[in-house]
Amino acid sequence: LVQTFSESDDARFLSKPDSPKFCPFIPRMRYVQVALATDGTVDGKPGGENSLFLLEEVINSETEGEFRKYINNKSAVPTDFKDARFISRAEFLAFTQHYQYICTHGLVFVSDYQGGTTLLTDPQLMSDPSLGNIFGNGNLPDACDSFKSEHECNLYCRFF
Numbered sequence: 001l002v003q004t005f006s007e008s009d010d011a012r013f014l015s016k017p018d019s020p021k022f023c024p025f026i027p028r029m030r031y032v033q034v035a036l037a038t039d040g041t042v043d044g045k046p047g048g049e050n051s052l053f054l055l056e057e058v059i060n061s062e063t064e065g066e067f068r069k070y071i072n073n074k075s076a077v078p079t080d081f082k083d084a085r086f087i088s089r090a091e092f093l094a095f096t097q098h099y100q101y102i103c104t105h106g107l108v109f110v111s112d113y114q115g116g117t118t119l120l121t122d123p124q125l126m127s128d129p130s131l132g133n134i135f136g137n138g139n140l141p142d143a144c145d146s147f148k149s150e151h152e153c154n155l156y157c158r159f160f
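Per the UniProt record's numbering: the sequence shown = residues 1 to 160.
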């Protein structure tokens, strides 16, 4: 959703005749490329069940800067950075949470936004407790319950 929104929806929205003259900076961000790999063996023996490995694109600190946490999975409040570039990225990601929350009628949204300047990794899906524990141990029931009271609409929420 982050990549899709930042690459297409803003362009469609801004091409409307009644769109505002001012548009906030839309950060270009995406999740790292991932793949599943197998060695084709079990305990070093061919056949049987395979060992699986998750391979992930490297986030290079020379091109992406230091690894940072934009929003953790315990709260809808973005990290308070000193650098305006990272504040705007954290606020944009908070907006995407708000957008997801609205689109799913408060049932699910992505959290634990972290990574480099343009590459994100290791997200956590947060879901309403009524759905059960469907997204692992990082899916904290209180986070979905408290989203409405913790989220503060920002420039992106108001613009879109």
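A few of these clues could be false.
Said to hold, decoys possible - Listed next, the in silico DMTMM-like pairs over lysine to aspartate or glutamate satisfying Cα-Cα at most 25 Å (straight line):
#, residue 1, residue 2
1, K82, D128
2, K148, E64
3, K69, D142
4, K69, D122
5, K82, E62
6, K69, D128
7, K82, E56
8, K148, D128
9, K74, D142
10, K82, D122
11, K148, E56
12, K74, E62
13, K69, E152
14, K82, D145
15, K74, D39
16, K69, D39
17, K82, D142
18, K82, E64
19, K69, D145
20, K148, E66
21, K148, E62
22, K82, D39
23, K69, D83
24, K69, D80
25, K69, E57
What the hints assert, rightly or not - Quick list of the computed label-pair ranges, beta carbon to beta carbon:
#, residue 1, residue 2, range
26, I102, I134, 30 to 38 Å
27, T38, G106, 32 to 40 Å
28, A84, I134, 22 to 30 Å
29, I87, D39, 14 to 22 Å
30, T104, K74, 42 to 50 Å
31, S75, G136, 15 to 23 Å
32, C103, G136, 42 to 50 Å
Just so you know, these hints were derived from the structure itself, not from any lab. The model shown is predicted, which means the values in this text are computed figures rather than measured ones. Backbone N, C-alpha and C define an ideal beta-carbon position, used for all residues, glycine too.
Hints, verified against the model:
1. K82 - D128: Since the Cα atoms of K82 and D128 sit roughly 32 Å apart, the hinted pair is violated (cutoff 25 Å).
2. K148 - E64: violated (32 Å)
3. K69 - D142: holds (20 Å)
4. K69 - D122: holds (11 Å)
5. K82 - E62: Measuring from Cα to Cα gives roughly 20 Å; hence the hint holds.
6. K69 - D128: Answer holds: K69 to D128 is near 23 Å, not above 25 Å.
7. K82 - E56: Violated: K82 and E56 sit about 29 Å apart, past 25 Å.
8. K148 - D128: Holds, at about 12 Å.
9. K74 - D142: With a Cα-Cα distance of about 8 Å, the restraint between K74 and D142 holds, given a limit of 25 Å.
10. K82 - D122: Roughly 24 Å separates the two Cα atoms, so the pair holds.
11. K148 - E56: Not satisfied, since the Cα-Cα distance of roughly 33 Å exceeds 25 Å.
12. K74 - E62: Judged against 25 Å, a Cα distance of about 29 Å means the pair is violated.
13. K69 - E152: holds (18 Å)
14. K82 - D145: Cα-Cα ~29 Å, so violated.
15. K74 - D39: violated (36 Å)
16. K69 - D39: The given pair, whose Cα atoms are some 33 Å apart, is violated under the 25 Å limit.
17. K82 - D142: violated (28 Å)
18. K82 - E64: holds (17 Å)
19. K69 - D145: Holds, at roughly 22 Å.
20. K148 - E66: Roughly 31 Å separates the two Cα atoms, so the pair is violated.
21. K148 - E62: Violated, at about 37 Å.
22. K82 - D39: violated (45 Å)
23. K69 - D83: At roughly 14 Å apart (the allowed maximum being 25 Å), D83 and K69 satisfy the hint.
24. K69 - D80: The hint holds at about 10 Å.
25. K69 - E57: holds (18 Å)
26. I102 - I134: 30 to 38 Å: violated (20 Å)
27. T38 - G106: 32 to 40 Å: holds (38 Å)
28. A84 - I134: 22 to 30 Å: violated (37 Å)
29. I87 - D39: 14 to 22 Å: violated (44 Å)
30. T104 - K74: 42 to 50 Å: violated (20 Å)
31. S75 - G136: 15 to 23 Å: holds (18 Å)
32. C103 - G136: 42 to 50 Å: At roughly 22 Å between Cβ atoms, G136 and C103 fall outside 42 to 50 Å, so the hint is violated.
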